[in-house]
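The opening position of the sequence shown corresponds to residue 201 in this note's numbering, with each subsequent residue numbered one higher.
Check each hint, because a few of them may be wrong.
Derived Cβ-Cβ restraints for the label pairs, each shown as a range [stated by the list, open to error]: (1) G228 with E205: 52 to 58 Å; (2) Q255 with R347: 29 to 35 Å; (3) A483 with G401: 38 to 44 Å; (4) G228 with V348: 20 to 26 Å; (5) D338 with R481: 40 to 46 Å; (6) A340 with A230: 28 to 34 Å; (7) G401 with L454: 42 to 48 Å; (8) D219 with A483: 48 to 54 Å; (9) P343 with G287: 46 to 52 Å; (10) R434 with G242: 44 to 50 Å; (11) G401 with A230: 37 to 43 Å; (12) A289 with G401: 28 to 34 Å; (13) A483 with P214: 38 to 44 Å.
Hints were generated in silico from the structure; no laboratory data involved. Model, not experiment: these values are computed from the prediction. We put the beta carbon where it would ideally sit given N, CA and C, even for glycine.
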Amino acid sequence: MTIYEHLAEFAGKPVAEFDRESGGAPVGAADVAWRVETVFDGPEFGEVLRDFADQVDAAAVTHLVIGYWGASYDDHSDADPVDLLVGLAGRLPRLRALFLGDITPEEAEISWLETPDITRLFDAFPELEHLEVRGGKDLALRPVRSRVLRTLRLESGGLPAEVVRAVGASDLPALEHLDLWLGIELYGGDTTVDDLAGILGGERLPALRHLGLEDAEIADDLAGAVAGAPIVARLESLSLALGALTDPGAERLLAGQPLTHLRPLDLHHHYLSDAMMDRVRAALPGANLDQQETPDGSNTKILLCRTQLAQRSLSLRS
Numbered sequence: 201m202t203i204y205e206h207l208a209e210f211a212g213k214p215v216a217e218f219d220r221e222s223g224g225a226p227v228g229a230a231d232v233a234w235r236v237e238t239v240f241d242g243p244e245f246g247e248v249l250r251d252f253a254d255q256v257d258a259a260a261v262t263h264l265v266i267g268y269w270g271a272s273y274d275d276h277s278d279a280d281p282v283d284l285l286v287g288l289a290g291r292l293p294r295l296r297a298l299f300l301g302d303i304t305p306e307e308a309e310i311s312w313l314e315t316p317d318i319t320r321l322f323d324a325f326p327e328l329e330h331l332e333v334r335g336g337k338d339l340a341l342r343p344v345r346s347r348v349l350r351t352l353r354l355e356s357g358g359l360p361a362e363v364v365r366a367v368g369a370s371d372l373p374a375l376e377h378l379d380l381w382l383g384i385e386l387y388g389g390d391t392t393v394d395d396l397a398g399i400l401g402g403e404r405l406p407a408l409r410h411l412g413l414e415d416a417e418i419a420d421d422l423a424g425a426v427a428g429a430p431i432v433a434r435l436e437s438l439s440l441a442l443g444a445l446t447d448p449g450a451e452r453l454l455a456g457q458p459l460t461h462l463r464p465l466d467l468h469h470h471y472l473s474d475a476m477m478d479r480v481r482a483a484l485p486g487a488n489l490d491q492q493e494t495p496d497g498s499n500t501k502i503l504l505c506r507t508q509l510a511q512r513s514l515s516l517r518s
C-alpha cells in the first residue's frame, strides 16, 4: 500500500466507504473499517460524520478510517476531527482501531496536514487498541495511559520533539508495534536522540516487539543510538528505513550490539556506498537494503531526504 492510494485494508478489516446517500456499503457495521470523509468544497466534515453515526449502527463499529476533513493549511476549515470524534464517543463504544488522516498527496501533502492534539482520543476511547495518524503540522500529544493499545503509528513530514517525548513518557504496557516518521527540521521535525530516551530505554514499553524510527534526516544519529539501546535486544524487528542513512551511521550499527535477531532490519532507502552495503549484508544477512540513493555533494543527503518526503512510495505497513 502506498501513500498515494487510500487504504484498502486497515487493522485486519477491509475498508468500506461511507455513502451518505445509501447509508454505506451493504455490510454489517462491525465487518469493515468504515472510511468517512468529505471533499473539497463539499459538506462540512462534521455533518458527514454525524450522518455516519445516524445511518450506520454506530454502536457496533470497531474500525474507523478518517479521510479528508479539510485538513491542509489552505483550506481554511474549522473542522477538528478529534473534537468531532470525542463528541461522538458515546455512540462509538466498541471502537478499537482508528486511522486519522487517510489522505493522499493529491488531496493534501503530508507536511501540510493540520493534525490536532490527539491526547483526548485515549480518554474518549479507552478500548482503543490500534491508532494511526498521518500528518504533523500542529500535532500534539501529552503523556497518556492505556492498558490495551497495541499499535501506535505516527506518519509525519516532521514530527515535533514534544510528541516523541510524550510517547516515551506514556504508560503503554501492551504496546507491541511503534512507528514514528521523524521527518526533517524544515517541516518541524526537531527530534534529537535525547528526545528518544524514554523509548530506547524501554522501561515503559515491556511488550514492544517492533520499533520504526523512519523517514529521518537524523538517521545516522539514530543508528548510533539504537546500536546501544536497551530495548533493541528484545525487539523482533527494527526499521530505520526511508531516511538519510550514510556509511558513518551503518558503521555505528555494525560496531554496536548484535542485531542478527532482527527479522527484518529494514534500512531501505539509504545513502550507503556499495562497499558498506556489502559489509552490512555480510554481517546482517536479513537486512533490507533496497532503494540505494547516491549523494553527489555535502548537502545532497538532506536535499534528497526532503525530496523523498514528498515522493515516498511506501507506507511501511506491517
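Against the structure, the hints come out as follows:
| no. | hint | verdict |
| --- | --- | --- |
| 1 | G228 with E205: 52 to 58 Å | violated (25 Å) |
| 2 | Q255 with R347: 29 to 35 Å | holds (33 Å) |
| 3 | A483 with G401: 38 to 44 Å | violated (25 Å) |
| 4 | G228 with V348: 20 to 26 Å | holds (23 Å) |
| 5 | D338 with R481: 40 to 46 Å | holds (41 Å) |
| 6 | A340 with A230: 28 to 34 Å | holds (31 Å) |
| 7 | G401 with L454: 42 to 48 Å | violated (23 Å) |
| 8 | D219 with A483: 48 to 54 Å | holds (53 Å) |
| 9 | P343 with G287: 46 to 52 Å | violated (24 Å) |
| 10 | R434 with G242: 44 to 50 Å | holds (47 Å) |
| 11 | G401 with A230: 37 to 43 Å | holds (38 Å) |
| 12 | A289 with G401: 28 to 34 Å | holds (33 Å) |
| 13 | A483 with P214: 38 to 44 Å | holds (40 Å) |
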